[in-house]
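**Student:** Each chain is listed here by its residues.
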Amino acid sequence: MRGVDALPAGAGARGRADGFTDWLVGAAASRRLLTDRFVETFESWGYGFIVTPLIEPLDTVAAGVGVAQQSELFRFMDSDGALLALVGERTVSVARVVATQLHSGPFPLRLCYAGPVLRHQPPNAGRRRESLQAGCELLGATGLEADAECIALAAAALEHGGVHDVQVDVGHADFIPGLLESAGLDGAARDVVLAALARRDLVSVEASLEGTDVADAERRLLLAFPTLRGGREILDTAASGLRGERPLRALRELARLWELLEAHAITDRVHLDLGAVRDWDYYTGPTFEVFSEDSGFPLGSGGRYDRLLGRFGDALPATGFVLHVDRCHDSVGRRGGIASAPAVLRVSWEADAESTALNLARRLRARGVACTCDLTAGAGGEVSVSATGARWPRDGRDETGSIDAAVDALSRSAP
Amino acid sequence: MRGLRIALPAGTLLEGACDILATAGVVQLHQSCFDRELSVAEAGSVYVKVRPTDVPVYVEMGACDCGIVGKDVLWESGRECYELADLRFGLCRLVLAAPRDSPLVNGVWPESLRVATKYPEAARRFFAARSLNVVLIRLHGSVELAPATGLADCVLDITATGRTMAANGLVEVAEAGVSTARLIANQAALKTRNELVGSLAASLRRAAAAQRSQGAA
Chain U
1 MRGVDALPAG AGARGRADGF TDWLVGAAAS RRLLTDRFVE TFESWGYGFI VTPLIEPLDT
61 VAAGVGVAQQ SELFRFMDSD GALLALVGER TVSVARVVAT QLHSGPFPLR LCYAGPVLRH
121 QPPNAGRRRE SLQAGCELLG ATGLEADAEC IALAAAALEH GGVHDVQVDV GHADFIPGLL
181 ESAGLDGAAR DVVLAALARR DLVSVEASLE GTDVADAERR LLLAFPTLRG GREILDTAAS
241 GLRGERPLRA LRELARLWEL LEAHAITDRV HLDLGAVRDW DYYTGPTFEV FSEDSGFPLG
301 SGGRYDRLLG RFGDALPATG FVLHVDRCHD SVGRRGGIAS APAVLRVSWE ADAESTALNL
361 ARRLRARGVA CTCDLTAGAG GEVSVSATGA RWPRDGRDET GSIDAAVDAL SRSAP
Chain W
1 MRGLRIALPA GTLLEGACDI LATAGVVQLH QSCFDRELSV AEAGSVYVKV RPTDVPVYVE
61 MGACDCGIVG KDVLWESGRE CYELADLRFG LCRLVLAAPR DSPLVNGVWP ESLRVATKYP
121 EAARRFFAAR SLNVVLIRLH GSVELAPATG LADCVLDITA TGRTMAANGL VEVAEAGVST
181 ARLIANQAAL KTRNELVGSL AASLRRAAAA QRSQGAA
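So the protein sequences, as listed, match chains U and W.
The numbering of the first sequence is our numbering, which starts it at 1 and goes up by one.
The numbering of the second sequence is our numbering, which starts it at 1 and goes up by one.
Pulled out of the complex, with its shape left as it was, chain U reads as follows:
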């Protein structure tokens, strides 16, 4: 076993900040490739790529992340004393752009983005503070067709990126609040249950329902929360015995959404999950999360958020999603499926053959073959290319003829 002394000396105290990552050769390329694949898919569905700033006014950013997460923002002061923040997600920036610059349409408006987001995390928690997100927003469309498009597009992007065996859990933000309302719980009791659900504490949900006069059908659904999950059939199971219009409307919307997802041919990887939502203040309709067995965290999430745009200007219905590129990259990497950077050929040359070598390298690159050219000459008078064993005399002619023929042969054999 090699001792720790065999490791290169580190930078000591001048290392990186905790929670940040240097992406080195190979990993950086495959991460960029994955991002490109996502954006290519978005664009192939007609979503226009936009770039928004890394820094926004704190008020703007805070509108998108909810009270609980505002303390996670990196905040600082502008030269005039105004408070700024590094973006913790990018939907709110897109919403700001649309509300302030694209409000005259034409709608529906399809936009996509990819970029870093930053959030504070406790030290040594093993969580990233800077991560890469790619996402889409579909604005100005109220119908479930828009929600179905976003779910199908997220699935298509993951597939194009090589993120396989994903599972999409689709829920509805109005189902549980509607259920609690129609169950006759007063506002305070509803808030207790919703807060417990938001922190995933199902023991407290059960405890807070004890001693209340919640009707049987609603109580059964609330206690079965983690198992309210499956295909189209769970909607009928859930609806039986329910009288409230609000939860029933949510179930009807999910039934229609399921039909649309069938038309998109993706129901093989979709589950309906009536307990899937937690951000009830933010989401207003169908929502979804994407999971894979390779990751302990969701790879992506999205849903309808018809209230956000109104905070920046005219109200506008909106739906969209985000993919967590780094989690997707991890997930693909765990399967050994990261596409490696293309091999780079090395062109060596010997005295006086420099121009032949550089000419060969130029032609190789022009045909999409990556190559480096040695910076110093070897001995003799030939040009050679690594990994192929090909050699040329200095005048660029070999037995088979011109250098072009050789370039053709190399292009064909290049990895």
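Please keep in mind that the hints were generated in silico from the structure rather than gathered at the bench.
All figures in this text were calculated on a predicted structure; none of them were measured in a lab.
Label-pair distances were calculated between CB atoms; the ranges are:
(1) U:E145 with W:R206: 42 to 48 Å
(2) U:D80 with W:P99: 53 to 59 Å
(3) U:R243 with W:E111: 49 to 55 Å
(4) W:E80 with U:S386: 47 to 53 Å
(5) W:R130 with U:E40: 54 to 60 Å
Each residue gets a CB set at the ideal place from its N, CA and C atoms; glycine is no exception.
Following the hints, put chain W in place on chain U, whose structure we already have.
**Tutor:** Only chain W this time, still in chain U's reference frame:
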């Protein structure tokens, strides 16, 4: 498809965790199974013994699908896991306790209070609801010593029987929480391995209810 990876807490809850898994018919494990190895594969699943405070870490990060851990650990962990079931064993209470001669014992709350605790998050939540000028002092063990040495006016600590507190001359002033063992699950595992996790939760719930009614009889 692989079975579940389940994190069990070393220490006082390990025996109860093994018992309830056996009662539930999930797996026959005894805590001595972990004497030689920290990881035991049984009936298609893998059980790992880790420090109680590390259980939510393993589960949140997805290294384990599920875990059994005391609620007192979850108060402090700041990790996002589903809390699926109250397993009803390992009962202990979080109490505010003060020396016998403290005015607190007579219901007189001083304007400022120094509180020694191993549970700063639970303490912060408890005192946030009460307008007191509280200075929390985080300790990692033997909290009972803090008032006797003048480090703090009182303690906020876990007690099962109250004996340790009494032996150190401390009297319970208020209850700040009740803790029992909980089944927790990773958010992705709950979705991607829904049937396995759901059936584990259902079995353990039934066993917890059975054990409690047995204990009551």
